[in-house]
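Enquirer: Sequence:
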Amino acid sequence: MHIVLFIVLLVVTVLAGSAIADRLRLPAPMVLIVIGVIASYLPFVPAVRLTPELVLLGLLPPLLYSSALKTSLVDIRANLRTVAMLSIALVVVTTVTVGATVHLLMPDVPWPVALAVGAVVAPPDAVSASAVARRIGLPRQIVTVLEGESLLNDATALVALRAAVAAIAGTVAVGSIGLDFLIAAGGGVIVGLAVAFAVLTVRRWVHDPAVDTGISFVVPFAAYLLGEELHASGVIAVVVAGLLIGHKAPLVQTSTSRLTENATWTSIAFLLEHAVFLLIGLQFSQIIAGVSHSLSWGFVLGVCAAALAVVILTRLAWMCASRLVMTLWVPADRRPPWPNVVVTGWAGMRGVVTIAAVFVIPASVPHHDVLVLIALVAVLGTLYLQGLTLPWLTRVLRVVPNDPAADALARATLLQKAADAGNTVLASCGEQDDPAVVQMIRDRQDQRTFAAWERLSTQVGQESPSDAFTRIRTRMLAAERARVLEIRSKGKVPSHVVREVLGMLDFEESLLDSGTEAREDIVATGSGEGGWCEDLRRYPAVGTPAPERAFCRRCREEGTTTVALRQCLECGEVGCCDSSPGQHATAHFHDTSHPVMQSAEPGETWRWCYVHQATA
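Position 182 (the sequence shown) corresponds to 171 in this note's numbering; numbering is contiguous.
Some clues are possibly wrong.
To be verified - In silico SDA-like pairs for lysine to any residue, Cα to Cα no more than 20 Å straight-line:
#1 LYS59 with GLN130
#2 LYS59 with THR253
#3 LYS237 with GLU217
#4 LYS59 with PRO198
#5 LYS59 with HIS236
#6 LYS59 with SER353
#7 LYS237 with ASN251
#8 LYS237 with THR249
#9 LYS406 with ASP567
#10 LYS59 with ARG400
#11 LYS59 with ALA252
#12 LYS59 with PRO328
#13 LYS406 with THR253
#14 LYS406 with ALA395
#15 LYS59 with VAL132
#16 LYS237 with ALA395
#17 LYS59 with ALA258
#18 LYS59 with PHE259
#19 LYS59 with SER256
Unchecked claim - Here are the in silico distance ranges between beta carbons for each label pair:
#20 THR243 with ARG527: 39 to 47 Å
#21 ARG527 with ARG400: 24 to 32 Å
#22 LYS59 with GLN602: 25 to 33 Å
#23 ARG488 with GLY411: 28 to 36 Å
#24 LYS59 with GLU546: 49 to 57 Å
Hints were generated in silico from the structure; no laboratory data involved. Note that the Cβ used here is the ideal one computed from N, Cα and C, for glycine as well.
Build the full structure now, drawing on both the sequences and the hints.
Expert: Structure below.
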């Protein structure tokens, strides 16, 4: 009963702390750690100890699996060299530098123990890095590298820790550490591939969303346990399985199963990620109380500060050295900008794995209490020092954040290409198909596609068609839902039928696409003059038409409404977009075959090639 009550209170505190963090505009992990630290000194709060078994088996597999499902395998492959250098090479280097520092300052700590401490503090935390990075809007490449690194570096650190602990016990030779790492890593990859293959095979025959989601609950624990049982890396097994299953999900799962699984894992990951930081804070009083009085607090804090400094500086030095080495073989246009390199180096926050892994070190080693405190200082120091200053650093270095206009343009382009593929199928429908049904399908598809383009721009002060559709349909759905609930209260309709109808209304409302809020900060300037096809390269962007020409001539002649303006880059003709009733810009292309148009809205320079269906 006490355990259940504690879990309920833990969840309530996580939710309340997250709400407070949102109001304070601070990352939730930082607020939750403070709440945990304060709570650890309250007499009525029970002592909580993060054991290695709880974290490495109970928390880490689902957290890594959830992150892996949402991580793009394509993006990881594109940044594989950088991810590998950070998640493997940098972890090893940090292990050695921190270990050497601890051994130098505390000579009575043996080398294997010092290296074990280095392995404990070496891996940055996936949750900490991505939480801060997403909140301040770091460039997508930086976020991809941080998330990819964090998925894999835990495995490197835990294998290194396992080897160091074995060396402490005298059961492994130094020369066999490298071979042990290769066996663990290679075995983890094989186990992960095997688990993913089994799950993907089973899912081809499962169409019940509840069963499919239930399968996903088993996967991270099965992969981890199987990997550890075979003396491979369970962490790598979980990550590989999650990456491959997430990549193949659109091919083997039904759309309902994907929606259900995504919503379920989003909630699970939210609670686990935030509970982890609250639990870290709850360790504070126990760790402080456990520090031996045989050493002065000044010396102990000096050692902890030195280890923290080495952790931070090693990462920064590694990132800068890697960037310098790139000049030897990587073309200048493919090297990451120096501001991005510095920000990536500064975004090395530690987390729950560090706190859990330190308890793997045998308690009998010299100064074990100080070693635990080093791990705690590494977590708190990197999270607060780097996490709180990272937004400031990005502003000082003028790191270009994610461009919502580029995302909106890519989204609209992708939907347009998907719609064209669907239209090809629609055009092949036989004469036996009802023309009215075909037209209804085409209208629904156009509404979805036009809404995506309307995220980019509309005439100032004018409601776009998709916004009007959303406004009216939302009011209709509210009335429909109220009527269903009124009928439900009379008890004359079976409850399962009521639930199904309410679910249909909720699902339709979730699909309504309004770009009002998205457009507020969007000025789509395109991705440069290079273009993505020969026509885009032939027609570079030009300036916005003069105010006296910023109108659609044919809309004025016909008395129709203009939603947004487009201009032909061949002859300069200005026409209305496809969301407008006249669709005169597209009509101009069909009349003249002029291939490229550009947005004629103020400040926008994105272009569209009608021939190759490409944007720039």
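Enquirer: Need the list of violated hint numbers for this structure, in ascending order.
Expert: Failing hints, ascending: 3, 6, 12, 13 and 16.
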